[in-house]
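**Q** Sequence:
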Amino acid sequence: MGCKGKDNNCVCQALEQILAEQEAVEEISCPTSCFSNLLNPVASPGRDTIPFILYNKKGELFKAFGNVGGFTGDMTCFKTIFFRVESLDDCCATLSLLRPVDFNGDTEDVCDPCDPDFFGLEKSDFCIEVDLDCFCAIQCLSPDLVGRTVDKKHHCK
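To convert, count from 1 in the sequence shown and add 9; that's this note's numbering.
No lab work stands behind these hints: they were computed from the structure.
Predicted, not measured: the structure shown is a model, and the values here were computed from it.
Errors might be hidden in some of the hints.
Said to hold, decoys possible - Derived lysine-lysine pairs resembling DSS-like cross-links, with alpha carbons at most 27 Å apart: (1) K88 - K132; (2) K132 - K72; (3) K66 - K88; (4) K88 - K72; (5) K88 - K67.
Input sequences plus hints: build the corresponding full structure.
**A** Written out as structure tokens, the structure is:
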């Protein structure tokens with residue numbers, strides 16, 4: 010059971026809201042609250058992902074691993090705390106792993122969202138199935154983190 014019981018799981022409710030917003034944007038082709046319109050197409054067209062982090066009942070960040078063994082493309086295995094909801098069935102969710110990258114676009118293992126080397130997120134094809142009753146908190150992050158690139162015009166080496 011979740012922190013408040015199966016019928017009142019705020020993490021499940023937040024993910025339902027995130028999924029609805031992501032799907033609404035795809036159909037259309039506090040500032041990071043999971044219940045606000047983070048994907049407002051007028052403010053930033055083209056965004057379709059609300060990244061988030063999850064906390065377990067002990068208050069620890071949930072993490073998962075992608076490309077274990079390095080079998081897909083030239084990507085290395087990565088550890089992530091960042092996710093995108095893909096689907097929900099009751100309070101079970103399919104989450105895709107968002108690959109954390111540094112300023113140069115290289116894979117960055119991130120166990121702390123304030124890691125100074127963390128720059129942005131890339132979508133991946135790696136997924137995990139989770140029981141949302143196992144989590145007590147969710148924190149939505151800026152959609153601008155996904156696909157973030159360096160502004161070459163204003164960057165000096």
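**Q** Evaluate each hint against the coordinates.
**A** Status of each hint after checking the structure:
no.	hint	verdict
1	K88 - K132	holds, 13 Å
2	K132 - K72	holds, 16 Å
3	K66 - K88	holds, 20 Å
4	K88 - K72	holds, 7 Å
5	K88 - K67	holds, 20 Å
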